[in-house]
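Chains as they are written, first to last, in this note's numbering: chain U, 0 to 112; chain H, 2 to 115.
Bear in mind the hints are in silico, worked out from the structure with no lab data behind them.
Just so it is clear, the structure is predicted and the values come from calculations on it, not from any experiment.
Hints are supplied without guarantee of correctness; some may be wrong.
FRET-style restraints, in silico, Cβ to Cβ [claimed, not checked]:
id, chain 1, residue 1, chain 2, residue 2, range
1, U, Gly15, H, Gln15, 42 to 50 Å
2, H, Gly54, U, Gln69, 20 to 28 Å
3, H, Leu56, U, Thr100, 38 to 46 Å
4, H, Ala53, U, Ala8, 25 to 33 Å
5, U, His4, H, Arg61, 28 to 36 Å
6, U, Gln72, H, Gly41, 32 to 40 Å
7, U, Gly53, H, Phe13, 46 to 54 Å
8, U, Leu81, H, Ser27, 34 to 42 Å
9, H, Leu46, U, Gly51, 34 to 42 Å
10, H, Pro115, U, Ser57, 44 to 52 Å
11, H, Ser28, U, Gly95, 20 to 28 Å
12, H, Asn31, U, Gly15, 44 to 52 Å
13, U, Ser57, H, Gly54, 36 to 44 Å
Think about it this way: if two alpha-carbon atoms lie no more than 20 Å apart in a straight line, the pair counts; the simulated EDC-like pairs of lysine to aspartate or glutamate are [unchecked claim]:
id, chain 1, residue 1, chain 2, residue 2
14, H, Lys71, U, Glu21
15, U, Lys78, U, Glu25
16, H, Lys71, H, Asp84
17, U, Lys79, U, Glu21
18, H, Lys52, H, Asp72
19, H, Lys52, U, Glu21
We treat Cβ as the ideally placed atom computed from N, Cα and C, and that holds for glycine.
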Amino acid sequence: SQTIHQWPATLVQPVGSPLSLECTVEGTSNPNLYWYRQAAGRGLQLLFYSVGIGQISSEVPQNLSASRPQDRQFILSSKKLLLSDSGFYLCASIPGGPTDTQYFGPGTRLTVL
Amino acid sequence: GQQLNQSPQSMFIQEGEDVSMNCTSSSIFNTWLWYKQDPGEGPVLLIALYKAGELTSNGRLTAQFGITRKDSFLNISASIPSDVGIYFCAGPQISSGSARQLTFGSGTQLTVLP
Chain U
0 SQTIHQWPAT
10 LVQPVGSPLS
20 LECTVEGTSN
30 PNLYWYRQAA
40 GRGLQLLFYS
50 VGIGQISSEV
60 PQNLSASRPQ
70 DRQFILSSKK
80 LLLSDSGFYL
90 CASIPGGPTD
100 TQYFGPGTRL
110 TVL
Chain H
2 GQQLNQSPQS
12 MFIQEGEDVS
22 MNCTSSSIFN
32 TWLWYKQDPG
42 EGPVLLIALY
52 KAGELTSNGR
62 LTAQFGITRK
72 DSFLNISASI
82 PSDVGIYFCA
92 GPQISSGSAR
102 QLTFGSGTQL
112 TVLP
């Protein structure tokens, strides 16, 4: 079974600073990868998804970007953080193969001050 | 696009009571997924349903895939304090193709009182 790692677990950053959140997946190949943001412990907002290396689709216009440099690595970035970027960021993966079941990583709590 | 209406939004119950929550949609789903999220953690898959009418149990949890394929419910029997958390239903968007995106309900916040 696959395992999803997210780093860091928590992060406090000043407004205007850059951001890099990392997600890595073990135990599968060719996964679909997803970045979600969750505000106030409710509701999952899909930010980006990727069906393969270098393939990124954005769901909402925002201050963030995503990249997939390797098959099992997904990175969420920003050049300049805004206060509104604070939240709980979740990486998710659907393993390669005929399944729609999505699994989540442990999340990163981002606070922008 | 497809939407999932999840209810109730929140529940306060006494330890030992049974719990029921449900999701409905105006669209057909081919799969229903139920997740639980503990505070500060990522959602964890509880039960996956793949066939209309399917009734599946996982310990004290029971979930059913509605016959019309437009609804699903999750029951928790004899609740305990560790059942506290947010429960989400989800289903794959039929139109998402290779992206295999999920539509999520808004969540049910469960609080278990001692």
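Hint-by-hint comparison with the structure:
Range check, Gly15(U) to Gln15(H): Cβ separation about 49 Å, and the 42 to 50 Å hint holds. For Gly54(H) paired with Gln69(U), a C-beta distance near 42 Å fails the hint of 20 to 28 Å. Between Leu56(H) and Thr100(U) the Cβ separation comes to about 18 Å, which falls outside the hinted range of 38 to 46 Å. The supplied range of 25 to 33 Å is broken by Ala53(H) and Ala8(U), whose beta-carbon atoms lie about 40 Å from each other.
For the pair His4(U) and Arg61(H), the beta carbons lie near 30 Å from each other, so the given range of 28 to 36 Å is met. Between Gln72(U) and Gly41(H) the C-beta distance comes to about 24 Å, which lies outside the given range of 32 to 40 Å. Against the hinted window of 46 to 54 Å, the Cβ-Cβ separation of Gly53(U) and Phe13(H) comes to about 48 Å, which satisfies the hint. For Leu81(U) and Ser27(H), the hinted distance range of 34 to 42 Å is satisfied, since their beta carbons lie about 35 Å from each other.
Hint check: Leu46(H) to Gly51(U), Cβ distance near 24 Å, so the stated range 34 to 42 Å is violated. Here the CB-CB span from Pro115(H) to Ser57(U) is close to 45 Å, well matched to the stated 44 to 52 Å. At roughly 26 Å, the beta carbons of Ser28(H) and Gly95(U) sit within the given window of 20 to 28 Å. Roughly 45 Å separates the CB atoms of Asn31(H) and Gly15(U), a value that falls within the hinted 44 to 52 Å.
For the pair Ser57(U) and Gly54(H), the supplied restraint of 36 to 44 Å holds, since their beta-carbon distance comes to about 38 Å. Simply put, Lys71(H) and Glu21(U) have alpha-carbon atoms about 36 Å apart, too far for the 20 Å limit, and the pair is violated. A hinted pair counts as satisfied when its Cα atoms are at most 20 Å apart, and Lys78(U) with Glu25(U) does not qualify at roughly 28 Å. About 26 Å separates the Cα atoms of Lys71(H) and Asp84(H), which puts this hinted pair outside 20 Å; it is violated.
Using a Cα cut-off of 20 Å, the hinted pair Lys79(U) and Glu21(U) holds, with the two alpha carbons roughly 17 Å apart. Proximity of Lys52(H) to Asp72(H) is assessed by CA-CA distance (about 12 Å); at most 20 Å being required, the pair is judged to hold. The straight-line distance between the Cα atoms of Lys52(H) and Glu21(U) is roughly 36 Å, outside the 20 Å bound, and the hint therefore fails.
Hint check: violations occur at hints 2, 3, 4, 6, 9, 14, 15, 16, 19; the rest are consistent with the structure.
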